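A.B. asks: Here is what each chain is made of, one letter per residue.
There are 2 protein chains.
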Amino acid sequence: MTTYKDIKNAYQRISKHINKTPIFTSRSLNSKTGAELFLKCENLQRGGSFKMRGAVNAISQLTEEQKKKGIVTHSSGNHAQAVALSAKLLHIDATVVMPNTSPKVKIEATKDTYGANVVLCENSLQARQSTTKKLIDTYGYTLIHPYDNDAVIAGAGTAAYELLLQIKNLDFIFAPVGGGGLLSGTSIATKGFNKKIKIIGVEPENVDDAYRSLQSNRIQTNETTNSIADGLLTNLSERTFSIIKKYVDRIITISEEQILFAMKFIWERMKLVVEPSGACSLGGVLSNRIPVKNKKIGVIISGGNVDLSDFFEKYSRKISGF
Amino acid sequence: MTTYKDIKNAYQRISKHINKTPIFTSRSLNSKTGAELFLKCENLQRGGSFKMRGAVNAISQLTEEQKKKGIVTHSSGNHAQAVALSAKLLHIDATVVMPNTSPKVKIEATKDTYGANVVLCENSLQARQSTTKKLIDTYGYTLIHPYDNDAVIAGAGTAAYELLLQIKNLDFIFAPVGGGGLLSGTSIATKGFNKKIKIIGVEPENVDDAYRSLQSNRIQTNETTNSIADGLLTNLSERTFSIIKKYVDRIITISEEQILFAMKFIWERMKLVVEPSGACSLGGVLSNRIPVKNKKIGVIISGGNVDLSDFFEKYSRKISGF
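Going down the list, the sequences are from chains A and G. First residue of the first sequence: 15, per our numbering; consecutive thereafter. First residue of the second sequence: 15, per our numbering; consecutive thereafter.
Here chain A stands alone, though its shape is the one from the complex (with noise of 0.2 Å):
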């Protein structure tokens, strides 16, 4: 299992290559909440979340063989894109399997911007890991999974661990749930700084897999996809769940309503481009669910992709009225 030491380590080894995000906080948040909310802005992390931490860690302690080969994963998200840019950054070749559904702007940057090779496949969870597992077979790829890694969990852990080195006396951290890797890293970090830090996991209730595996102390999924958080749908692995387990406080659930509603915030009061997971934690702050009333909040706002293609296209349209 992933130790303190290890989230230290590698906030030593990928510190060169990342940003240290800035912490945001807002007059009226304070006042809605009377607490004193602290946001971690990894949506203001290169890549545009907090993926780069861990793809960051696990590619550069690959062997000197591995890395010659080269590195695969299948994703259309967050990871993808920072597995890429750290790829690019540690002079790697990587791979991407991407469904043939995404959105083809997804794929010029995955490889324009960020000059990786984009392998197309069916739009199936089974394809994109058939794909994958024939590409390892054939050219020796090492895969980077998105959280089931250790070295990702400990990378993940340093956006907290970078958190708890800007902001003293924190009484709690919030962070979102999908796969795990993020909560897992997070409450590893702030257990190993100070035990009496509450970790809370927050997860849309359309897709409330951790909530109901903690519940029930088995690993759960979901039966829909119906949720605009479109990074945190993705079950627990045995190794987040372990750790989840262990060192998280409580996990709550937050309607759909208050993840749009902790967004239209952020964008609207914060002036910040914020992805609906990484509202999560803030909507979660602001459901109520747990106390918090005078105390020191620490918020991990995870992502800022977002498609703003419509948004813009109507920019675009009024230009050409002109």
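Identical chains blur together in the list; that is why a pair holds if it fits in one copy or across any two.
As a list, the in silico SDA-like pairs of lysine to any residue whose alpha-carbon atoms are at most 25 Å apart:
hint, residue 1, residue 2
1, K120, F325
2, K212, T47
3, K278, S334
4, K46, A123
Everything labelled a hint here was simulated from the structure, so no lab data went into it. Here the structure is a predicted model, which means the values were calculated and not measured.
Please build the complex by placing chain G on the supplied structure of chain A, with the hints as guidance.
C.D. replies: Chain G alone, transformed into the frame defined by chain A:
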């Protein structure tokens, strides 16, 4: 004419009411330009724009009698929000004259969030001015003009002053120009701080009245309002024109496409919500009109108030469909 000392005094006066806004940098921007860019994020100012600085500075210097009678402004933009919020903080009654065509959400925000009285009028400059004049005549309100006001200009100049204290050895400062209040204050602050720093005003070429005013040495007006930079449609006043003539090194114009490109870059890559007017200064740097290689450049990002209702409406519809 507003002096450097006025700006330093304004900074003292307003500090406890405003945000010391952060500076954002971007590896991609620096490598794109070969320069070092420092974005002064007034989109993260209270009220969402630099206008708060001028409003607080002007309002806090009113006489007791003026304060008792209250203030008025006519605008549907950032200045109105800033005046309303400043008045609320300073416990003064504020009235905002708005066109009856203003979005309902904007009217409600001015009333609810900022606690101002709203008086609606026909949607023309003439109607706004005559309605405002009637209110002044009837109630003795003091008009807080958005830029043709020395205290407002001094307040606006504190953004550049703060930037100069945050980042040493700048070679250039780029700022947008509409009515010229921000550019006036910026140029006085900067030349007072160090005469060698060059001040570049950036204006949309579709509404290039300030550019033509400098060329012809007479205040010019625009024949269209064809710009997405809706904060920059106004003309200079004699007051701002004389300051700009004296202190600004150059005004450059950029296309609508260049404005949109800069805005998109800030949203997509830097994860900041910025309005089109607020992105103009960066658009000016990226236009290559001014050789900036190896230079240190301050870029005033003036505001971040954009209408996000369509964007969030899409998410609401998605949630309803679950």
